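The listed protein sequences derive, respectively, from chains A and B.
Residue numbering for the first sequence follows the working numbering, beginning at 86 and increasing consecutively.
Residue numbering for the second sequence follows the working numbering, beginning at 11 and increasing consecutively.
No wet-lab data here; the hints were simulated from the structure.
As the structure is a prediction and not an experimental result, all values here were calculated from the model.
One or more hints might be untrue.
[Claimed, not checked] Taking CB as the label site, the calculated pair distances span:
id, chain 1, residue 1, chain 2, residue 2, range
1, B, Val28, A, Gly228, 38 to 44 Å
2, A, Asp125, B, Ala122, 38 to 44 Å
3, A, Asp125, B, Tyr62, 19 to 25 Å
4, B, Arg88, A, Gly228, 49 to 55 Å
5, A, Ile112, B, Glu117, 37 to 43 Å
6, A, Ala348, B, Arg88, 40 to 46 Å
7, B, Arg110, A, Trp268, 53 to 59 Å
8, A, Ala305, B, Gly81, 52 to 58 Å
9, A, Gly372, B, Asn31, 52 to 58 Å
[Said to hold, decoys possible] Away from chain B, derived, C-beta distances all over 10 Å, residues of chain A:
id, residue
10, Leu115
11, Glu120
12, Gln121
13, Met154
14, Ala157
15, Gln184
16, Ile190
17, Thr196
18, Gly199
19, Leu207
20, Ile226
21, Ser232
22, Pro234
23, Val327
24, Phe339
25, Leu379
Don't be surprised by glycine CBs; every beta carbon is placed ideally from N, CA and C.
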Amino acid sequence: MLPDIREYLDEVRSHLYLDSAAERQIIQELETYFEQKTADLRDFGLSADEAARVAIRCCGRPRIIAQRMQEAYGTRGWGAALLACLPHLLVAGLFASHQWRHPLITTLIFTCVGGVAFYAWLHGRSRWVYPWLGYMLLLLIVGLYASYPVLETAALSLFYDGVSGPSVWLVLGVASACALSIWFITHVTLSVVTRDWSLASLMFLPLPFVASWLYSVEQAGGLASGGASLYLWDTRMCIVLVIFGLTSAVFVHFRERALKIGALIAVGVVAGTMACRNVWDGLGLVGVAVTSLLLLFFMLSPAVLESRIDHSRQRRGIATR
Amino acid sequence: MKSVNMRKNLARYVPDLVRGNIECLLLFLIKENHETYGYDLMREIEKRSEGYFQLKEGTIYPALHRLENDGLVSGEWRELPGGQLRRYYTITQQGEQALREKMAAWEGFTAAVGLVFRPRPLESDVA
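Produce the entire structure from the sequences given, and follow the hints as far as they go.
Dropping the structure here:
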């Protein structure tokens with residue numbers, strides 16, 4: 086195959102965000118087209134290079150053809166969209182019913198979410214699984230945060246006399262769990278980013294908002310305090326999580342990439358900014374603007390990470406995508 | 011100025027018409043040929059329309075993939091004697107049903123447009 090055609094096909098592939106089987110099929114079909122088209126053009130008397138150039142021109146811009154192929158593979162039906170919004174609705178239900186402090190119900194819901202996420206991650210990774218994965222990773226991040234006091238006490242007991250630390254087995258267990266969690270979070274994030282950075286943004290959509298909520302809970306005395314002020318945020322959490330659910334459904338259902346990413350980023354930035362404004366009461370216009378910019382960067386950071394991974398692979402001569 | 015605007019409007023109008031009917035054209039030709047492939051479909055559409063439709067590859071192949079994902083056609087890779095692979099498409103039962111519906115819709119549409127384009131009868135003719 087001529088270098089120009091190979092370069093064209095590589096560029097088409099770089100703009101595709103489908104599973105590898107679908108991408109292979111598309112590229113193979115385009116290869117077949119180029120073989121036939123260049124053969125026909127050579128029959129007309131064109132040289133191999135000229136025929137390749139004409140065939141490429143006839144095919145159109147690689148980004149456009151990839152975009153149209155992407156749209157052709159958009160998910161059909163509302164089933165996948167419903168599955169995508171379900172984890173948000175389940176968690177919203179916890180806040181609507183004020184049961185998020187109930188250990189049995191919360192454990193049941195998050196075990197269900199984690200189980201579905203893990204199973205779907207191992208079997209196929211359809212687009213609807215990423216919001217579920219987001220909550221699973223969120224649990225791990227909360228677990229890491231909750232482990233901090235144990236590890237802090239253990240470290241202090243090592244460096245200072247007179248400070249009694251937790252048992253060695255507890256520390257080892259917590260440290261191992263933390264290491265495993267960090268590895269899993271990193272592995273999943275990198276896998277998702279290399280597949281499609283917008284899926285990583287979808288996955289992390291609730292993160293800033295839930296983080297703000299956790300901060301306000303800490304300010305109100307912590308999860309264990311049990312005061313009425315802990316429930317002040319419940320209605321807002323429920324509404325925003327339902328909006329996240331609708332956004333996830335839009336992302337999974339519609340084909341147009343610009344619409345999906347625009348909706349995701351807009352909702353993520355607005356919800357996060359509202360949350361921060363509620364947490365920090367005195368936040369003025371400049372504060373809101375800075376918060377919005379930081380959140381925009383957070384939502385777009387998977388795109389930055391993906392381009393860095395691609396650069397690094399190109400430098401090492403590894404085929405990207 | 012007026013003729014330049016009309017040409018510009020026509021250039022926008024025709025692609026919209028094509029976009030709305032490309033799947034119908036493809037389904038019809040796939041059914042008629044029993045099985046065919048993308049490049050051949052492109053050439054046949056141009057030939058049958060006497061050059062009116064000069065569809066780009068960026069239109070045909072995504073449309074074929076869309077039809078396949080919707081279950082209206084099914085595709086199969088075949089190895090040619092020279093060792094190249096080619097994807098052949100055949101119409102499914104669902105595709106035949108969809109084709110019938112689209113053709114009926116098109117016939118209804120063109121009949122209605124024809125009625126609108128018919129000159130209004132003179133009042134003396136009516137009397």
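Right, here's what the structure says about each hint:
One distance hint, 38 to 44 Å for the beta-carbon pair Val28(B) and Gly228(A), is violated here, with the actual separation near 56 Å. A hinted range of 38 to 44 Å for the beta carbons of Asp125(A) and Ala122(B) is consistent with their spacing of about 40 Å. One distance hint, 19 to 25 Å for the beta-carbon pair Asp125(A) and Tyr62(B), holds here, with the actual separation near 20 Å. With their beta carbons about 53 Å apart, Arg88(B) and Gly228(A) fall inside the hinted range of 49 to 55 Å.
In this structure the supplied range 37 to 43 Å holds for Ile112(A) paired with Glu117(B), their Cβ-Cβ distance being about 39 Å. Against the hinted window of 40 to 46 Å, the Cβ-Cβ separation of Ala348(A) and Arg88(B) comes to about 41 Å, which satisfies the hint. A beta carbon spacing of about 56 Å between Arg110(B) and Trp268(A) agrees with the range 53 to 59 Å that was offered as a hint. Distance hint check: the CB atoms of Ala305(A) and Gly81(B) are about 54 Å apart, consistent with the given range 52 to 58 Å.
The beta-carbon spacing between Gly372(A) and Asn31(B), approximately 54 Å, falls within the hinted interval of 52 to 58 Å. The claim that Leu115(A) lies off the interface is violated: its Cβ sits roughly 7 Å from the closest Cβ of chain B, which falls inside the 10 Å cut-off. Consistency note on Glu120(A): stated as away from chain B, yet its beta-carbon is not over 10 Å from all of that chain's, at 6 Å minimum. Against the 10 Å criterion, Gln121(A) falls within the reach of chain B, whose nearest CB is about 5 Å from its own CB.
Listed as outside the interface, Met154(A) is inconsistent with that label: its C-beta sits roughly 5 Å from the nearest C-beta of chain B, within the 10 Å cut-off. Non-interface call for Ala157(A) relative to chain B: violated, since the shortest CB-CB distance, roughly 4 Å, does not exceed 10 Å. Distance check for Gln184(A) against chain B: the nearest CB is about 41 Å away, which clears 10 Å, and the non-interface claim stands. In this structure Ile190(A) is separated from chain B by more than 10 Å, as the shortest Cβ-Cβ distance comes to about 40 Å.
The beta carbon of Thr196(A) sits about 35 Å from the closest Cβ of chain B, which is more than 10 Å, so the claim that it is off the interface holds. The non-interface label for Gly199(A) is consistent with chain B: the shortest C-beta to C-beta separation is roughly 31 Å, beyond 10 Å. Annotated as non-interface, Leu207(A) keeps its C-beta farther than 10 Å from every C-beta of chain B; the closest such distance is 24 Å. Every beta carbon of chain B lies more than 10 Å from that of Ile226(A), the smallest distance being close to 36 Å; the non-interface claim holds.
Here Ser232(A) stays apart from chain B, with its beta-carbon at least about 45 Å from theirs, past the 10 Å limit. Remark: the non-interface label on Pro234(A) is consistent with the geometry, its nearest Cβ contact in chain B lying 52 Å away (cut-off 10 Å). The claim that Val327(A) is not at the interface with chain B holds, since no C-beta of that chain comes within 10 Å of its own (minimum 30 Å). For Phe339(A), the non-interface assignment is confirmed: its Cβ lies about 15 Å from the closest Cβ of chain B, beyond the 10 Å cut-off.
With a least CB separation of 38 Å from chain B, Leu379(A) remains clear of the 10 Å interface cut-off, as annotated.
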